[in-house]
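Novice: Assemble the whole structure, with the sequences as input and the hints as a guide.
Be aware that the sequence shown starts at 13, since it is given in the working numbering, and climbs by one per residue.
Hint data in this document are derived by calculation from the structure and do not stem from the laboratory. Warning: the hint list may mix true and false statements.
Here are the simulated DSS-like cross-link-like pairs (lysine-lysine), alpha carbons at most 27 Å apart as the crow flies [claimed, not checked]:
#1 K353 - K263
#2 K228 - K353
#3 K66 - K51
#4 K51 - K94
#5 K154 - K97
#6 K255 - K165
#7 K165 - K123
#8 K343 - K290
#9 K367 - K263
#10 K123 - K94
#11 K165 - K290
#12 K353 - K343
#13 K290 - K367
#14 K154 - K165
#15 K165 - K263
#16 K230 - K263
#17 K154 - K51
The following label-pair restraints were derived from C-beta to C-beta distances [what the hints assert, rightly or not]:
#18 T162 - P107: 33 to 39 Å
#19 G98 - V130: 19 to 25 Å
#20 F131 - E331: 39 to 45 Å
#21 V155 - D91: 30 to 36 Å
#22 Q407 - L132: 30 to 36 Å
Glycine included, every Cβ here is placed at the ideal spot set by N, Cα and C.
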Amino acid sequence: MKKLTLIITAVLAVAGAAQAQQALWGVPQLTSPEINSDKTVTFRILAPDAQEVKVTGDFLPTEKIQTPFGVFDGPGYADLVKDDKGVWSFTTAEPLAPELYSYSFIVDGLKTNDPSNVFLIRDTATLTNIFLVDGDRADLYKVNDVPHGTVSKVWYPSPSLGMNRRATIYTPAGYESSTESYPVLYLLHGMGGDENAWTELGRAAQILDNLIAQGKAKPMIVVMTNGNAAMEAAPGETSEGFKAPTTQLPKTMDGSFELAFPEVMAFVEQNYRTRQDKASRAIAGLSMGGFHSLHISKEYPEAFDYVGLFSAAIIPQAEPLPEIYQDMEGKLARQFADAPKLYWIAIGKDDFLYKANEEYRALLDSHGYPYQYFETPQGHIWRNWRIYLSEFLPQLFD
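Specialist: Encoded structure:
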């Protein structure tokens, strides 16, 4: 019996080793991307039968791209060169500035991911590889040796929307072991995004950990809920199963999310140790999330002393105009009668929403409403939104 046991154990060990080895089969041996000592970056892909390979990504100069919504700036392209082993490669002509970059390959017209790079992000229905050139502000996007907060996926009831919904909630390092109450930032995503967007694409947890550790931001709770009022949670993580992500969703920017927003606030304040006064609440968001932040903050003027509009959409498109979007000037007057401590507007010079933001700032100026303005190059991209978050956080809860 003992001998039989030893034989079975040996067989299982060999099978386990074989299975573990099997996981290594097919793993490419190429290094791609390779960040060189001079901060140039080399991309490689094995495609011996390909006729043409290109790389596209936000590290390249932008090009004009036609979309169903108009002509916008998009990432450019660069050609790779094939060697005698069938390996295609491209090295950037100049060193890349510190930043988190995304890219994809195009092999004979087919867009594909880099098989040598397991690090991917999803933005709506698009998967792209990422890499980071460290230094300067990009060090905020890294996991550094500092105390780390906790990121939780939490379900909360939304009676007005008739479902349970999910939020991603960041609690700062030390929250679990303390009795302290914390201020709260509600951080909202853009169209096509979800409650995962700010942590996965925006590096929000890393930015928070690093700024708090440096003493540049106050410890805070950050609530990232799903701004698509028809969705329970991120695609593939709901009762609908693996439904394909899309931006064409019902109840998008029609007032439903704004009207339901007090429900997530009530859940957070009942279940987390929060400071429950105007001076301890902030709301900010990008694009559609900036739109939501604008309209939520004016609809509930007693709720938020800090408002951040990042590349915000401004004017509602819904017809007929829902009541929550009506009387905009009257609601702004009530909001600014007891002006927020910080009303912060940020946008890229090349953003397609630049003119709408310019007109909105002119409206605020015409009434003498105070705000701060922050402008960057480039357009409607995550690179800008990460910058805006890292600039906005240190200004909160003084």
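Novice: Looking at the structure, which of the earlier hints fail to hold?
Specialist: Checked against the structure, the hints that fail are numbers 1, 5, 7, 13, 16, while the rest are satisfied.
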